[in-house]
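The listed protein sequences correspond, in order, to chains A and B.
For the first sequence, numbering that gives the first Met the number 0 begins at 0 and goes up steadily by one.
For the second sequence, numbering that gives the first Met the number 0 begins at 0 and goes up steadily by one.
These are calculated hints, taken from the structure and not from any lab test.
Treat the hints loosely; a few may be bogus.
Said to hold, decoys possible - The calculated lysine to aspartate or glutamate pairs, modelled on EDC-like cross-linking and capped at a C-alpha distance of 20 Å, are:
#	chain 1	residue 1	chain 2	residue 2
1	A	Lys181	B	Glu70
2	B	Lys121	B	Asp98
3	B	Lys104	A	Glu268
4	B	Lys104	A	Asp185
5	A	Lys181	B	Asp98
6	A	Lys276	B	Asp142
7	B	Lys104	A	Glu178
8	B	Lys229	B	Asp207
9	A	Lys181	B	Glu173
10	B	Lys104	A	Asp196
Claimed, not checked - Over the 12 Å line for every Cβ pair with chain A, so calculated as not near, a few chain B residues:
#	residue
11	Thr78
12	Glu243
13	Arg270
Small disclaimer: the values here were computed from a predicted structure and weren't measured.
Ideal Cβ positions, reconstructed from N, Cα and C, are used throughout, including at glycine.
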Amino acid sequence: MSLDVRAPVQSAPESAPARRSAVGFLLGRTSHASYVVNGVRVALVVVWLGSWELAARTVVDPFYYSMPSKIWDKLVIWFTDGTSQGSIWSNIAITLEEAVLGFLIGTLAGVVLGVVLGRSRFTAEVLAPFIKGANAIPRIVLASLFVIWFGLGMSSKVATAFVLVFFAVFFNAFQGAREVDKVLVDNARILGASRWDLMRTIILPSATSWILASMHVAFGFALIGAIVGEFTGADKGLGILINHSQGNFDAAGIYAGMLITTVLALVAEWLITLLEKRLTSWRPPAVSQAAAI
Amino acid sequence: MTQITSSSPPGTATAAICLRGATKRFTTLDGAGFTAIRDVDLDVAAGEFVSVVGPTGCGKSTTLSLVSGLEPPSAGTVTVHGAHVTSIPDGVGYMFQADAVLPWKNVLDNVALGLRYRGVSKAEAHARARDWLGRVGLTGFEDRYPHQLSGGMRKRVAMAQTLITEPDLLLLDEPFGALDVQTRELMQNELLELWSGTGAAVVFVTHDLTEAISLADRVVVMTAGPATVKDVVTIDLPRPRDVEEIRLTPEFVELYKRVWDSLREEVEITRARGASHVA
Ligand SMILES: Nc1ncnc2c1ncn2[C@@H]1O[C@H](COP(=O)(O)OP(=O)(O)OP(=O)(O)O)[C@@H](O)[C@H]1O
Ligand SMILES: [Mg+2]
């Protein structure tokens, strides 16, 4: 039962300067060369978009490959005049709501089940083949099934997001609960901890870095679940906008949808990193941001 | 002057800890089983301080884990205050050989942990924890996390964490092993002071014979693994003691020789085994 596990980045003791520069590097916060780094980044984007635009205007056919100016126009239209499915904000809100719900329920279920099974060898052994089997199901296909079960409304998309998130979090929580240092558990038991105390003060905090490591990918999965769910059938949402753009051979619309989704994922990633920093403030500063990439 | 008893008479009502024929076998991966301790007979009276010495890997920590109720014996009996040990007995405090402070709690919360588990209010638990931090010389470090402390400071946090529950049965597994000599002597005196008058039974595992003798009422010498009790040396030095001064007395030197004579053979056996493993 150890497939799909994303190991947390352990807080290996390191020399402080190495640590700072590694973190700075990943967060783009290196103090001394930050303008240089940012300058080069901006230059890269300009060169990339410029050459794309230029190529689309000269050699390649923008009908297939679109071009930055068209994508920009599309975004402007979406945000000012609205989309074929109503205001862009309401579409974003729907997709976000599906993803967030699926993410929250999936994370909760994954953590609870993972930690409980991680601490009970017998149940884990009994359930192992079933969980492995369930995990082997191509989960995207479930989206179709959920449309039949839950209809075209929001719940089928939440369900798709849920299954994607659940397994990602479950395996990590399971592994995290197993890896708890035995001497910490023994010490707490001697000090008078009840089963619940153990769970709350030893097992969960100890598994937290494992769980958080999985949450970084899990929100991405939740978005994928929501959008794939919308692809399968819906009347609102970013997935349906992308789907319609595809139907209309509107490459710019697909890119615009992709861009909005990416921004959502990055914002969520930033929030999860904040949460992680809060929950693991007890740890020595380390390169834990690497998990965010 | 030194009295040698192979083992105290069978447990009376006052014996805080009583092991009879205690044996522990661990199941190993190859299924052969590994005997860590065999036929250990040991009595510790309430208010008595017993040091346990023995070669490395002989089974000292295993013996403590049986007394604490964390591990059941494979054979023999373990009783605490006359009752068979089936789970963790009330009033037991156990300072582990390995680091057992919670890395995600600060020093104050770590020390207050036992009280919090016992339902003491946060305010009172913190107040008492502060008091204990003062006693182990860590005032001012309340808000630090364990990774911000030195190894010796972490040991002192663990000591306060264990003592705050006021155990009447105190199991200490090489508690001062990681300390520098000066702090160690300070803590030894501190421990004696804290213990005197509490009536707690103490089992103190150490590799340091000077420490073993200067603290204890009796020193138990264990054989090379699988350990059993080889020898019990009664330490009839007067109390209250000052560990730095007592070790200079001729009586102390006499006792040291006595214990070391007994232990040396076992250490040599253990070393020879290690050498044959390497060869
Ligand atoms: N859970 C276990 N499974 C198998 N063998 C074990 C287990 N715990 C301890 N042992 C073995 O039992 C023997 C005694 O271990 P123990 O930890 O009690 O030694 P010790 O006397 O405390 O040694 P030290 O002085 O080095 O701490 C060792 O050989 C060890 O390998
Ligand atoms: Mg040991």
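Q. Does the alpha-carbon distance linking Lys181 of chain A and Glu70 of chain B stay inside the 20 Å limit?
A. holds (13 Å)
Q: Please work out if Lys104 of chain B and Glu268 of chain A have their alpha carbons no farther apart than 20 Å.
A: violated (26 Å)
Q. Taking only the CA atoms, is the gap from Lys229 of chain B to Asp207 of chain B under or equal to 20 Å?
A. holds (17 Å)
Q) Are all C-beta atoms of chain A more than 12 Å from that of Thr78 of chain B? A) holds (18 Å)
Q. Are Lys121 of chain B and Asp98 of chain B close enough, with their CA atoms no more than 20 Å apart?
A. violated (24 Å)
(Q) Need the status of pair Lys276 of chain A, Asp142 of chain B: alpha-carbon distance at most 20 Å? (A) holds (18 Å)
Q.
Need the status of pair Lys181 of chain A, Asp98 of chain B: alpha-carbon distance at most 20 Å?
A. Holds, at about 11 Å.
Q.
Hint check: Lys181 of chain A vs Glu173 of chain B, CA-CA at most 20 Å. Holds or violated?
A. Holds - the C-alpha atoms of Glu173 of chain B and Lys181 of chain A are around 18 Å apart, at most 20 Å.
Q) Far enough from chain A: is every CB of that chain over 12 Å from the CB of Glu243 of chain B? A) holds (31 Å)
Q) Taking only the CA atoms, is the gap from Lys104 of chain B to Glu178 of chain A under or equal to 20 Å? A) This hinted pair holds, its Cα atoms lying about 18 Å apart.
**Q.** Given pair status - Asp196 of chain A, Lys104 of chain B, alpha carbons within 20 Å
**A.** OK: Lys104 of chain B and Asp196 of chain A at ~14 Å, within 20 Å.
Q | Reported absence of Arg270 of chain B from the contact zone with chain A (all CB gaps over 12 Å) | A | Nearest chain A Cβ is 28 Å from Arg270 of chain B, so the label holds.
The structure is inconsistent with the numbered hints 2, 3, although it conforms to all the rest.
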